[in-house]
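**Student:** Sequence:
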Amino acid sequence: MTSDTDVTDAQIAGLLLAVAALMGEIRRKGVLDGGEIDGALQRLADDIGGSKLAQATPEDPMIRATLAPLEQLRRMNTLFNEESGRFPGWISKGDEDA
Numbered sequence: 536m537t538s539d540t541d542v543t544d545a546q547i548a549g550l551l552l553a554v555a556a557l558m559g560e561i562r563r564k565g566v567l568d569g570g571e572i573d574g575a576l577q578r579l580a581d582d583i584g585g586s587k588l589a590q591a592t593p594e595d596p597m598i599r600a601t602l603a604p605l606e607q608l609r610r611m612n613t614l615f616n617e618e619s620g621r622f623p624g625w626i627s628k629g630d631e632d633a
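To get my numbering, take the position in the sequence shown, counting from 1, and add 535.
Keep in mind the hints are simulated off the structure, nothing from the lab. Please note: incorrect hints may appear among the correct ones.
The following label-pair restraints were derived from C-beta to C-beta distances [as the list claims (entries may be wrong)]:
hint	residue 1	residue 2	range
1	Glu-606	Leu-567	14 to 24 angstroms
2	Ala-575	Thr-537	33 to 43 angstroms
3	Ser-619	Asp-595	14 to 24 angstroms
4	Gly-549	Ser-619	17 to 27 angstroms
5	Glu-618	Thr-537	36 to 46 angstroms
6	Gly-620	Gly-549	11 to 21 angstroms
7	Asn-616	Leu-588	30 to 40 angstroms
Where is the CB? At the ideal position from N, CA and C, for every residue including glycine.
Generate the whole structure from the sequences, applying the supplied hints.
**Tutor:** In structure tokens:
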């Protein structure tokens, strides 16, 4: 039997993969390059980390949970292959430190 947590985790993984696919398409079309996408994700993470809540409780599980998808997308961004338009190795590399 599949738990609600497993379903939620799978939904989040699917959403992250969908966002990664959009990032890849944005890169492939030359709208933004990998550094610009990484910078946008890092700025958002910095904003979250700089919030009053994060400053007061930096190890709060909700703060870490909010930052985790951004870290995952940044890792996915590094895996993007311009020529193929794909993310080779995402299964093995995308799960590191998760």
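**Student:** Among the hints numbered above, which are violated by the structure, and what are their numbers in rising order?
**Tutor:** 3
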